[in-house]
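K.L.:
Now for the letters of each chain:
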Amino acid sequence: MTIIVKKTTQLIAGMVFIYGIYVIVHGHLTPGGGFAGGVVIAGSLILVTLAYGGDFLKLLKEETRTTVVESLATILVIMIAVSGLLFGTKIFFNNFLPKGIVGHLVSAGVLPLYNIFVGAEVAASIFIIFLSLMIFKEESPK
Amino acid sequence: MELAISIVTGFMILGAIYAIHAKDLLSSVIACAIVGYSLVICFLLLRAPDLAIVQIVVDTITLIIMVAVVINSSREELYTKLDTQGYITAITSILVIVVLLYFFTVSSQTLEVLGKSSLRMAKYYIEGAAQKTGSANLVTGVVFDFRGYDTMGEAVVLVTAVLGVLTILRIKGKK
Numbered sequence: 228m229t230i231i232v233k234k235t236t237q238l239i240a241g242m243v244f245i246y247g248i249y250v251i252v253h254g255h256l257t258p259g260g261g262f263a264g265g266v267v268i269a270g271s272l273i274l275v276t277l278a279y280g281g282d283f284l285k286l287l288k289e290e291t292r293t294t295v296v297e298s299l300a301t302i303l304v305i306m307i308a309v310s311g312l313l314f315g316t317k318i319f320f321n322n323f324l325p326k327g328i329v330g331h332l333v334s335a336g337v338l339p340l341y342n343i344f345v346g347a348e349v350a351a352s353i354f355i356i357f358l359s360l361m362i363f364k365e366e367s368p369k
Numbered sequence: 011m012e013l014a015i016s017i018v019t020g021f022m023i024l025g026a027i028y029a030i031h032a033k034d035l036l037s038s039v040i041a042c043a044i045v046g047y048s049l050v051i052c053f054l055l056l057r058a059p060d061l062a063i064v065q066i067v068v069d070t071i072t073l074i075i076m077v078a079v080v081i082n083s084s085r086e087e088l089y090t091k092l093d094t095q096g097y098i099t100a101i102t103s104i105l106v107i108v109v110l111l112y113f114f115t116v117s118s119q120t121l122e123v124l125g126k127s128s129l130r131m132a133k134y135y136i137e138g139a140a141q142k143t144g145s146a147n148l149v150t151g152v153v154f155d156f157r158g159y160d161t162m163g164e165a166v167v168l169v170t171a172v173l174g175v176l177t178i179l180r181i182k183g184k185k
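Protein chains in written order, with the numbering used here: chain A, 228 to 369; chain B, 11 to 185.
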């Protein structure tokens with residue numbers, strides 16, 4: 228890409244990433260949440276990948292790491308849901324942590340944890356779909 | 011507000027029809043984006059900011075991916091003339107649309123205004139959700155607490171979609 232695109236990406240991509248983290252972390256207070264913030268983070272990653280690119284082997288390594296992040300985040304969401312069976316009233320998806328005061332950043336029990344892990348999973352999923360569209364056409368059949 | 015929503019919905023229908031019939035695939039993709047962004051305006055008019063945020067971001071990223079795909083592949087759509095099969099399909103679809111519109115007009119006289127129907131379950135959700143879940147944003151409270159199974163299903167569906175994409179697009183290992 229040209230130098231204009233690269234410089235603009237340098238300025239904007241970090242802010243977009245931090246905005247995505249803000250949307251995820253404040254998911255239980257303001258509109259937004261795991262899905263919206265995850266897609267915003269994936270957007271910043273896609274912006275960097277489109278502007279700077281990279282060779283096939285580097286992007287393939289990136290794809291492997293992103294797959295690991297996605298699978299781990301999904302497993303953690305299900306593990307938190309299952310751990311509701313261990314505490315309190317012992318039902319699936321039980322909100323076992325203390326609720327706190329409504330409107331504070333640390334409140335609502337396990338809901339922020341769900342938001343964070345679902346956000347990581349959505350960001351990784353959409354970035355994997357973009358990367359696989361971008362790199363796998365250069366892969367050589369063995 | 012209903013007039014504004016009707017205008018935006020009509021615009022969406024026009025965009026969808028143009029997306030099907032455009033010869034250049036790039037303008038077809040842009041016409042699909044018209045549908046998505048008009049849906050964002052509908053969500054904002056109906057006071058659903060959560061859905062509007064998700065829709066606007068997903069639509070932008072889908073547009074980027076689709077434009078990249080269209081630029082990399084051929085831009086011209088293969089255009090075929092209408093033969094007998096095509097005429098039969100067109101007449102059948104027009105008949106189905108007419109019948110559906112007739113039943114919609116009949117049933118819309120007995121239905122209430124949008125959002126004012128008897129949503130007893132929603133009233134239960136709204137009344138004590140902030141105290142029951144501890145979350146100030148009621149949508150997050152419903153999505154992750156009352157309807158936790160649905161959200162887990164969505165997450166698993168996303169994982170399955172990624173698995174499908176990887177399986178289809180990988181060249182290495184195919185026979």
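Any given hint could turn out to be false.
Pairs of lysine to aspartate or glutamate, EDC-like flavour, derived with a Cα cap of 20 angstroms [said to hold, decoys possible]: (1) B:K182 / A:E290; (2) B:K133 / A:E289; (3) A:K285 / A:E365.
What follows is a set of in silico ranges between Cβ atoms, one per label pair, in the way DEER data are often shown [said to hold, decoys possible]: (4) B:Y135 / A:G315: 18 to 26 angstroms; (5) A:K288 / B:N82: 43 to 51 angstroms; (6) A:T257 / B:L173: 28 to 36 angstroms; (7) A:G281 / B:Y135: 26 to 34 angstroms.
No lab work stands behind these hints: they were computed from the structure.
For every residue, glycine included, the Cβ atom is placed at its ideal position computed from N, Cα and C.
K.L.:
If I claimed the Cβ atoms of B:Y135 and A:G315 lie 18 to 26 angstroms apart, would that claim hold in this structure?
P.N.:
21 angstroms, holds
K.L.:
Against the 20 angstroms threshold, does the CA-CA distance of A:K285 and A:E365 hold or violate the hint?
P.N.:
13 angstroms, holds
K.L.:
May I ask you to test the hint 26 to 34 angstroms on the CB atoms belonging to A:G281 and B:Y135?
P.N.:
Once the Cβ atoms are compared, 47 angstroms apart, the range 26 to 34 angstroms for B:Y135 and A:G281 is violated.
K.L.:
Against the range 28 to 36 angstroms, how does the distance between the Cβ atoms of A:T257 and B:L173 compare: consistent or not?
P.N.:
This hint holds: roughly 33 angstroms between Cβ atoms.
K.L.:
Is the Cα-Cα distance between B:K133 and A:E289 20 angstroms or less?
P.N.:
46 angstroms, violated
K.L.:
Is B:K182 within 20 angstroms of A:E290, Cα to Cα?
P.N.:
15 angstroms, holds
K.L.:
Within 43 to 51 angstroms or not, the Cβ separation of A:K288 and B:N82?
P.N.:
23 angstroms, violated
The structure fails hints 2, 5, 7 (numbered hints given earlier, in ascending order).
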